Amino acid sequence: MVLLTRSPIDAEALRRAVAGPANGAVVLFFGDAREATAGRRVLELVYEAYEGMALAALRALGEELRARHGLSAVACTHRLGRVPVGESAMVLAVSAPHREAALAAVGEFVRRLKQEVPIWKQERFEDGAVWVGSASDPQAAQDPAHATRAEPVSGPGGRT
Amino acid sequence: MVLLTRSPIDAEALRRAVAGPANGAVVLFFGDAREATAGRRVLELVYEAYEGMALAALRALGEELRARHGLSAVACTHRLGRVPVGESAMVLAVSAPHREAALAAVGEFVRRLKQEVPIWKQERFEDGAVWVGSASDPQAAQDPAHATRAEPVSGPGGRT
Amino acid sequence: MQVQIRYFAAVREAVGRPAEALEVPAGARLADLARLLETRHPALAAHRHGLRYAVAERFAAPDTPLTEGVEVALIPPVSGG
Amino acid sequence: MQVQIRYFAAVREAVGRPAEALEVPAGARLADLARLLETRHPALAAHRHGLRYAVAERFAAPDTPLTEGVEVALIPPVSGG
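Top line first, the protein sequences correspond to chains A, B, C and D.
Quick note on the numbering used here: the first sequence kicks off at 1 and runs consecutively.
Quick note on the numbering used here: the second sequence kicks off at 1001 and runs consecutively.
Quick note on the numbering used here: the third sequence kicks off at 2001 and runs consecutively.
Quick note on the numbering used here: the fourth sequence kicks off at 3001 and runs consecutively.
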């Protein structure tokens, strides 16, 4: 189950979506809006998505990880529009017979979501706003996590 | 916050216990009662604890990981008594500014809980019951995960 | 033939619109369209770093052939999660 | 002097009780008590593998001195989580 929503995320629904008596481990991961980034106070986040492609990419990623890590189920909801500080921008639920597989899959899902899925975060500050990783993001030039996303124009793109 | 309870675990209370606007990541881990172990149908689990020592050990483990992984907060509830299949035997909540620390801490907390914290699980089958890892556990002799717990009588014991 | 262009996030703001339809020569490939867009929207130059393209909702290489009515999206560095 | 013994899980069932008070000689250490218990409860022999001891709620080495009234717990292999 993958979902994009403009309302607060229902984590309990995700927990139910991956439930089953064969699961020894269920992991819920909440990516929450933080009050500050690089020491600068954040008022709120705004997310935008290329919705059809984002849903397809999230679904493909979940299915790939389910098969490779032997998971029981994967479910993910990403929020769009305004996300106040302290609320969740995304929630991921993974169930598996054993915990190591579930934890490894959560880490890989979130890492790849941040590289491959067409969703964008804008940080809004008291004195302006910035699309994270964009040309106007002061962090993008310095932060190696952003630098790794850089590629030549029209490069072959993701899905590594 | 650490808790032992004979009622179903309130995961939302754990989530609230670790909440805070500085957290970019919150991870909830559910260790659930599975319907089968080594192909044998499980009717229910029963947990027993050395309660005072278990609470102290859980508290110390949470504090150690909080400091070492730079976590914001750790909270854990372990259930005692009967746990029906599909319900949670333990729930762990970890919050951190960044997800890698939160996920690493969850894995380590659960691994060490299973080695250091005096809590015991009995699996109840249609034709009997076994304390996991005990002399009467047919798995204990074969399963390397159990074998690593073996030590000479009166050995110096845990907290490695 | 006509193709549908989608813009997102910082690129959408630079171009000043979320979408537009564009005429491209028959047989055009993605790289041809990219050059056409950079001429049409000089503000795109500042966003070349890390820009990817999707054709029909999949990341696509520069030599990908375009077809009548296909949707092409400009994907600046993503930052979900 | 007297010490308080606690038994759990499979060891509790083998011994047939959850706790008992025992007299040990003044100056006794944990290893002395362990020998005394194995004599008193022959069923413990089957549970030696992986057995640990706690004194005053902390895992303790065999040379740990015992004190009047202290609580000693036998900790068979744990299996929480």
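Hints may contain errors.
To be verified - Residues on chain A that point at chain C, a partial pick, calculated with CB under 10 angstroms:
{"id": "1", "residue": "L43"}
{"id": "2", "residue": "Y50"}
{"id": "3", "residue": "G81"}
{"id": "4", "residue": "R82"}
{"id": "5", "residue": "V85"}
{"id": "6", "residue": "M90"}
{"id": "7", "residue": "H98"}
{"id": "8", "residue": "E100"}
{"id": "9", "residue": "I119"}
{"id": "10", "residue": "F125"}
{"id": "11", "residue": "G128"}
{"id": "12", "residue": "P138"}
{"id": "13", "residue": "A140"}
What the hints assert, rightly or not - Stretch by stretch, here's where chain B covers chain A in the computed footprint (C-beta under 8 angstroms, at least three residues):
{"id": "14", "segment": "66–77"}
{"id": "15", "segment": "129–136"}
Said to hold, decoys possible - One-sided and incomplete, this derived list gives chain B residues near chain A with beta-carbon spacing under 7 angstroms:
{"id": "16", "residue": "F1029"}
{"id": "17", "residue": "F1030"}
{"id": "18", "residue": "A1038"}
{"id": "19", "residue": "G1039"}
{"id": "20", "residue": "R1041"}
{"id": "21", "residue": "V1042"}
{"id": "22", "residue": "L1043"}
{"id": "23", "residue": "E1044"}
{"id": "24", "residue": "V1085"}
{"id": "25", "residue": "L1103"}
{"id": "26", "residue": "E1108"}
It is worth saying that the hints were derived from the structure and are not from the lab.
Quick caveat: nothing in here was measured; it's all calculated off a predicted structure.
Built from N, CA and C at the ideal position, the CB exists for glycine as well.
Are any of the numbered hints broken by this structure? If so, which, sorted upward?
1, 3, 4, 5, 7, 8, 10, 11, 12, 14, 15, 18, 19, 20, 21, 22, 23 and 26
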